[in-house]
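Visitor: Modelling step: build the complete structure from the supplied sequences, incorporating the hints.
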Amino acid sequence: MTTDTTDRPHPDFDTPPAHRTARPIPVWASRFAALCILLAAPLSAPPVTSLAAPLAAPLAAPQSAPLVAPQAAPLAAPQTVPLAAAPQTAPLAVPQTAPQTAPQTVPQAAFQATPETVSQATPAPARMQDGPPVTLDGFLVQGGMVWGRTRPGTRMTLDGTPVKVGADGHFVFGFGRDAGPEARLALTYPDGRQTVRRLGVASRRFDIERIDGLPPKTVTPPPEWRERRKRETGRVVSARAPVTDATDWADGFILPAEGRFSGFYGSQRILNGKPRSPHYGIDIANSTGTPIVAPAGGIVRLAAPDFLLEGGIVIIDHGFGVTSTLFHMNTVDVAEGDRVAKGERIGTIGATGRASGPHVDWRINWGRVRLDPGLFFSAGTGVAGGAKPATDTGAPDTRR
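For the sequence shown, counting from 1, position 76 maps to 76 in full-length UniProt numbering; every step adds exactly one.
Here are the simulated DSS-like cross-link-like pairs (lysine-lysine), alpha carbons at most 27 Å apart as the crow flies:
hint	residue 1	residue 2
1	Lys230	Lys274
2	Lys164	Lys342
3	Lys274	Lys217
4	Lys230	Lys217
No lab work stands behind these hints: they were computed from the structure.
Guide: In structure tokens, the structure reads:
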């Protein structure tokens, strides 16, 4: 038989003090009290010197020359600059009507160990040099193009994708809109030695862009368009496929038309209320008939007046897999196979294809990787200004 003790007083806590019996403090209680005292004492923050060293060192293999801090070149004061007034080798300023957020300079750490600390879209270019094996210049950011030079005869891949290296050692590659925070640049030098560079790729935030008033069939193409769209898409892919020795890409880019920026790279588009794929170019709006010029020299790989969604379209091959594509042209004034110079007229602005008003949609690709043309007009250096990539510095060979 058990006795119910629920309502009985506790021998220590419910007995009046005059009748309590003194007891020794248990060992566990003394240890508990000591622990409480320790926990109550404020803890001093440990020094962060253990993190400082890794963050200050590049992700690449040890090298004799550290990364050079990026040039802090912000956007020029917004203004509309006619093409005729702009020199061939200088980028045009951003039009005043462009609602683009002012860029922030990418800190050096963004190209080493903390790309996530970069918060906004258009960084100034940064340079990395480690002596004769390889020099890099450009934009280590989503949508960015990077160019440089290495020893002739070097084989190179970016995350497993072959990168063309010219006879003089020049090369170019790029990162897509959704590129991850790190890329692996693998090089095999002519003597057989190999190295891998880990490149930090800065992330960006992209806006949501709503476009209404489009013809419904251009937002949701009818079934009878499928075969035609398949053929048109195949032509676009084929036009962007050649990887030639031409180096027109290294002579710089200019804006293909006067006007205001009405659309930006990377923005998530909602067309007639329906979410669609991101925008992969920049839109320059102006009246129908405004001239469109070649943003850089090259060979016309595709010229057509009436694609279903793109309307009038021209694709120009600038060499090394870099191409410019221009959509919605009212007239197409060049033919496939033509050689065009930078600044040469190739057609006029229109509203053909899937367009809500007259504009030209300009896109840049490295193979199938879609790049951001707007980055070339933020800092006025490098390829945008027509400068050749940096040459060998004569520093010690730090390959491993």
